[in-house]
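Student: Listed here are the chains, written in short residue letters.
Protein chains: 2
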Amino acid sequence: MPEIVFINSFEVPVDRDEDFLLLWKEIDDYMRGKPGYRWRRLHRSIDPGSRLRYVNVAGWESAKHFDAAHDETFRKMQSQPGWAHFPAYPSLYTVVQEDGSATS
Amino acid sequence: MPEIVFINSFEVPVDRDEDFLLLWKEIDDYMRGKPGYRWRRLHRSIDPGSRLRYVNVAGWESAKHFDAAHDETFRKMQSQPGWAHFPAYPSLYTVVQEDGSATS
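Chains A and B, in that order, are what the protein sequence lines are. What the first sequence shows, in this note's numbering, is residues -1 to 102, in sequence order. What the second sequence shows, in this note's numbering, is residues -1 to 102, in sequence order.
Hints should not be assumed to be uniformly reliable.
[Unchecked claim] Not close to chain B: a few residues of chain A, all C-beta gaps over 12 Å, as computed:
hint, residue
1, Pro11
2, Asp13
3, Tyr28
4, Pro33
5, Asp45
6, Ala66
7, Asp69
8, Phe72
9, Lys74
10, Gln78
11, Pro79
12, Gly80
13, Trp81
14, Ala82
15, Phe84
[To be verified] As a list, the in silico DMTMM-like pairs of lysine to aspartate or glutamate whose alpha-carbon atoms are at most 25 Å apart:
hint, chain 1, residue 1, chain 2, residue 2
16, B, Lys74, B, Asp26
17, A, Lys23, B, Glu1
18, B, Lys32, A, Asp97
To be clear, the hints were calculated from the coordinates, so they are not data collected in a lab. The beta-carbon is built from N, C-alpha and C at its ideal position, and this holds for glycine as well.
In isolation and in its complexed conformation, chain A is listed as follows (with noise of 0.2 Å):
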């Protein structure tokens, strides 16, 4: 079965860089623990005038896997005030065109 792709992009001023991953790295920690976790890459703009400055890219077994793995403590650290600072575009995706690899 093709995997389920999520897209999270996010807003981040250019002098929040520290902030922000400290927040990201916390939920992507426990994340990365989950069943039916498969990779990301975390994506950062060289243009400091971007505006969507960060973008990651995950790939999960399926939608359920990916449901389920937002649990209660995700929650918890997703409710912290800090994140309020980062304006995000989560969303799942399918892939509908794809040639070469994204493996570095």
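Given chain A, work out where chain B should sit, using these hints.
Tutor: Chain B only, in chain A's frame:
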């Protein structure tokens, strides 16, 4: 040298998929023939209510290759009036955190 990743997120109304994909394919076909192009994955959200319904993630050898590919022909394609219906958030990124593999 680590590759550079171009990510472009698009706002596409649910009833405009066909128009969007037609415009996108024209530019995609052109770019895939350019020096330094490596791979790309086009993602569509499984949630019709998502703001960023399409996200294209593409690997390039370098920012220099990427910039050179955006020539006169590209600009002509991109300036077509149809694109005005699809707000886009393009930027070049480096991978700051990575594990696993995005190959399916």
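Student: Indicate, hint by hint, whether the structure satisfies it.
Tutor: Hint check results:
1. Annotated as non-interface, Pro11/A keeps its C-beta farther than 12 Å from every C-beta of chain B; the closest such distance is 15 Å.
2. Taking the minimum C-beta to C-beta distance to chain B, about 17 Å, the non-interface status of Asp13/A holds against the 12 Å cut.
3. Annotated as non-interface, Tyr28/A keeps its C-beta farther than 12 Å from every C-beta of chain B; the closest such distance is 14 Å.
4. Distance check on Pro33/A: its Cβ is at least 15 Å (rounded) from any Cβ of chain B, clearing the 12 Å threshold; non-interface status holds.
5. With a cut of 12 Å on Cβ distances, Asp45/A falls inside the contact zone with chain B, its closest approach being about 6 Å.
6. At roughly 16 Å from the closest C-beta of chain B, the C-beta of Ala66/A stays outside 12 Å, upholding its exclusion from the interface.
7. The claim that Asp69/A is not at the interface with chain B holds, since no C-beta of that chain comes within 12 Å of its own (minimum 20 Å).
8. No Cβ of chain B comes within 12 Å of the Cβ of Phe72/A; the nearest lies about 18 Å off, and the non-interface call holds.
9. Against the 12 Å criterion, Lys74/A stays outside the reach of chain B, whose nearest CB is about 22 Å from its own CB.
10. Distance check for Gln78/A against chain B: the nearest CB is about 20 Å away, which clears 12 Å, and the non-interface claim stands.
11. With a cut of 12 Å on Cβ distances, Pro79/A stays outside the contact zone with chain B, its closest approach being about 23 Å.
12. Interface exclusion of Gly80/A from chain B stands, the closest Cβ pair being 19 Å apart, more than 12 Å.
13. Residue placement check: Trp81/A keeps its beta carbon more than 12 Å from all beta carbons of chain B (closest about 18 Å).
14. Against the 12 Å criterion, Ala82/A stays outside the reach of chain B, whose nearest CB is about 18 Å from its own CB.
15. The Cβ of Phe84/A sits about 15 Å from the closest Cβ of chain B, beyond the 12 Å cut-off, so the non-interface label holds.
16. A threshold of 25 Å between alpha carbons decides the hint, and for Lys74/B with Asp26/B the separation of about 14 Å falls inside it, so the pair holds.
17. Proximity of Lys23/A to Glu1/B is assessed by CA-CA distance (about 23 Å); at most 25 Å being required, the pair is judged to hold.
18. The straight-line distance between the Cα atoms of Lys32/B and Asp97/A is roughly 14 Å, inside the 25 Å bound, and the hint therefore holds.
In summary, the structure is inconsistent with hint 5 from the numbered list given earlier, while agreeing with all the others.
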